[in-house]
Amino acid sequence: MSTPILEVVDLIKHFPLATGLLGRAGSAVRAVDGVSFAVQERETLGIVGESGCGKSTTARLLMQLIVPTSGAIRYQGQTVGTKALPLKEFRRQVQMVFQDSYASLNPRLTVEDSIAFAPTVHGVSGDQAVRKARALLDRVGLEPARFAGRYPHELSGGQRQRVNIARALAVEPRVLLLDEAVSALDKSVEAQVLNLLLDLKDEMGLTYLFISHDLEVVRFMSTQVLVMYLGRIAEVGPTEALYTASRHPYTTALLGSLLSMDPDNRRTQAPLAGDPPNPIDPPPGCRFHTRCAYAEPVCSTREPDLGGVGLAHAAACHMAHPGTGHSRAAGRVA
Amino acid sequence: MTKDKILRVEQLSVTFTGGTKPVRAVDNVDLDVARGEVLALLGESGSGKSVTLRSILRLHNEKRTRIDGRIIADGTDVTLLDGDALSRFRGKTVSMVFQEPMLALDPVYTVGRQINEAIRRHESVSQDTARTRALHLFERVRIPSPERRLDSYPHEMSGGMRQRAMIALALACSPKVLLADEPTTALDATVQVQILLLLRDLQRELGLSMIFVTHDIGVAVEVADRVAVMYAGRIVELGPVRDVLRTPRHPYTVGLLSTRAHGGRLSGNRLPTIPGSPPDLTNLPAGCAFAPRCSSVTESCRTKAPEARAVGAGHTVRCILQHPTVGPK
Ligand SMILES: Nc1ncnc2c1ncn2[C@@H]1O[C@H](COP(=O)(O)OP(=O)(O)OP(=O)(O)O)[C@@H](O)[C@H]1O
Ligand SMILES: Nc1ncnc2c1ncn2[C@@H]1O[C@H](COP(=O)(O)OP(=O)(O)OP(=O)(O)O)[C@@H](O)[C@H]1O
Ligand code: SF4
Ligand SMILES: [Mg+2]
Ligand SMILES: [Mg+2]
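As you go down the protein sequences, you meet chains A and B in turn.
The letter at position 84 of the first sequence is residue 87 when you use the working numbering, and the numbering goes up by one with no holes.
The letter at position 162 of the second sequence is residue 259 when you use the working numbering, and the numbering goes up by one with no holes.
Calculated from the structure, these hints are not laboratory results.
Do not take every clue at face value.
What the hints assert, rightly or not - To spell it out: a stretch of chain A is covered by chain B in this simulated footprint if at least three of its residues, at any positions, have a beta carbon under 8 Å from a beta carbon of chain B; those stretches are:
no. : segment
1   : 131 to 138
2   : 157 to 169
3   : 178 to 188
4   : 193 to 201
5   : 228 to 238
6   : 253 to 262
Stated by the list, open to error - Example chain A residues on the side facing chain B (calculated, C-beta under 8 Å, incomplete):
no. : residue
7   : Gly52
8   : Arg77
9   : Arg270
Glycine is no exception: its CB is placed at the ideal position from the N, C-alpha and C atoms.
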């Protein structure tokens with residue numbers, strides 16, 4: 004395979020806890036705890052997983068907004084911040100749309116100025132940047148004549164999120180990280196924005212990392228999907244393989260959380276019992292064993308490898324691999 | 098009948114007058130919620146759902162906003178409240194879970210402290226009692242390691258945890274009505290189901306009434322007794338959740354129900370959308386606001402805005418069509 008456009012090797016981010024009260028000295032929130040993956044150009048990698056499992060932290064690490072505890076991040080084979088790839092250049096190539104649409108817009112800038120700002124930093128003339136900002140507003144479905152001069156607080160949540168998408172596109176990036184970028188949109192606008200993202204991808208050859216908790220939307224958008232659990236990868240694979248033949252019980256539970264769409268048969272049970280464990284002191288062995296219906300003694304003592312279960316498909320569960328000592332361990336995988 | 102309505106919104110209109118042209122965000126909205134009832138408010142982005150909720154708590158800048166109509170909550174006319182009475186009302190009678198957690202939570206205080214203060218603002222209890230109650234709330238909304246999380250700052254929490262902290266904050270003073278603005282939008286699928294079940298339990302146990310804003314009909318189906326669909330500041334359809342889901346009558350509702358991405362829809366295909374975009378709220382069309390996008394539009398739709406018309410028990414629609422011309426698949 005060619006060099007991946009984005010590659011992450013054994014990425015770790017621990018947030019140290021302030022000591023005192025309950026925090027023991029030296030303890031930390033293990034938000035991302037040994038994550039490796041690669042994204043090929045023009046692919047869309049969907050990232051899903053329980054709230055707090057480290058999706059946004061992974062995205063912020065990729066964007067170099069926070070410093071990893073350890074691990075490497077490479078863009079087109081280069082390490083960010085070196086002579087070959089200065090941070091400023093990387094920031095132009097890789098853009099992010101954040102989960103919190105309000106917090107990520109400057110309240111004192113009009114929508115148009117917010118979008119035009121970054122291109123001017125990268126050397127585009129003011130006039131040209133404004134023209135481009137208006138064209139982008141139009142593309143995300145916000146008529147420039149109506150919206151260009153508004154301030155963030157004068158927009159609805161969904162309108163603000165579209166401004167964020169336009170702003171990220173303004174510098175013509177190669178890679179776009181979308182962190183819950185469409186979750187504030189209603190379904191009809193969401194469909195428009197998703198179609199737009201697909202068009203832009205074709206036109207501009209973009210690569211997406213698409214973080215979302217909407218499993219239907221992830222399935223629709225992604226070529227590959229990565230499932231995280233408590234700072235680690237539980238399963239990764241081609242979208243359809245993962246959705247139709249998941250090999251990790253957490254993935255299966257997650258896929259089982261679809262809503263009923265039937266007022267007479269509402270859901271009465273959550274698909275997963277129990278609470279997510281504490282990321283400061285994650286369970287030994289398989290991190291999922293405290294909530295897994297198939298857990299056996301080996302699961303609480305030995306950590307499963309993220310091993311191959313099919314073409315580009317890997318799962319970190321003892322059941323998926325032969326010889327692990329789990330009674331349901333699979334036979335040899337072809 | 099009006100006795101057991103804990104909340105009544107009558108002929109509410111909200112116009113923002115701060116900009117160059119007035120923006121009519123909410124236009125003659127009538128809504129009511131009975132004790133223990135959950136009403137879901139569904140609709141296009143920008144249709145006025147959040148503005149409606151914010152009006153109920155009087156959160157708009159009143160110098161730059163014109164508000165007409167009446168809002169009666171638990172027997173009080175909200176439009177007449179001011180000063181102390183207004184702050185007692187907020188949080189205690191009606192409280193709100195905001196669409197963006199960062200707007201409601203103060204970044205410089207721990208979430209535990211914010212809940213403590215909310216409790217102590219309304220009730221004279223000791224710090225310790227307040228803390229115990231805050232802890233209990235955190236347990237209820239299933240925040241893992243609740244004791245430690247009380248001492249977290251909002252930025253130290255993940256998006257989903259912040260959302261749960263905000264639900265806890267909103268419930269701190271045992272309100273009678275909870276206005277929930279997309280409370281599960283930021284949550285992953287497994288937690289979303291947990292929170293929906295939690296809100297349903299709370300609603301049953303505490304007899305809580307709720308207006309629940311969502312753009313996901315699937316979520317509305319899980320929690321709501323009735324659904325109201327908004328378009329361009331108006332309620333275009335209102336009815337029991339079953340009826341609206343199974344026999345939607347307004348062409349906008351029909352469109353909205355069919356745009357939901359689902360099942361084996363192959364990736365790479367395009368999703369169905371409702372063509373066109375919502376109208377300019379500074380310059381609303383004379384007739385039905387959906388007319389420019391509607392495939393069943395007739396001449397009379399463009400001249401006069403349709404009145405709400407009953408099409409079933411408790412099911413009303415603002416559309417002149419007698420029968421839906423297109424049904425969802
Ligand atoms: N600045 C920080 N300081 C301490 N802990 C943090 C910080 N940022 C994130 N965390 C913790 O790291 C973990 C992962 O958080 P992250 O925001 O990456 O989750 P997420 O998967 O994006 O969740 P969600 O779906 O709820 O947005 C959580 O336990 C969170 O509380
Ligand atoms: N302060 C303001 N000044 C001018 N216009 C405003 C103001 N606040 C909101 N609006 C406009 O009022 C309309 C309704 O906004 P509202 O936030 O209620 O939408 P919403 O239905 O909640 O949408 P979403 O689903 O995107 O959150 C929007 O078109 C918005 O641009
Ligand atoms: S390794 Fe064991 S505990 Fe972990 S998911 Fe597999 S069966 Fe469950
Ligand atoms: Mg997140
Ligand atoms: Mg809103």
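The hints, checked one at a time:
| no. | hint | result |
| --- | --- | --- |
| 1 | 131 to 138 | violated (count 0) |
| 2 | 157 to 169 | holds (count 6) |
| 3 | 178 to 188 | holds (count 4) |
| 4 | 193 to 201 | holds (count 6) |
| 5 | 228 to 238 | violated (count 0) |
| 6 | 253 to 262 | holds (count 5) |
| 7 | Gly52 | holds (7 Å) |
| 8 | Arg77 | violated (26 Å) |
| 9 | Arg270 | holds (6 Å) |
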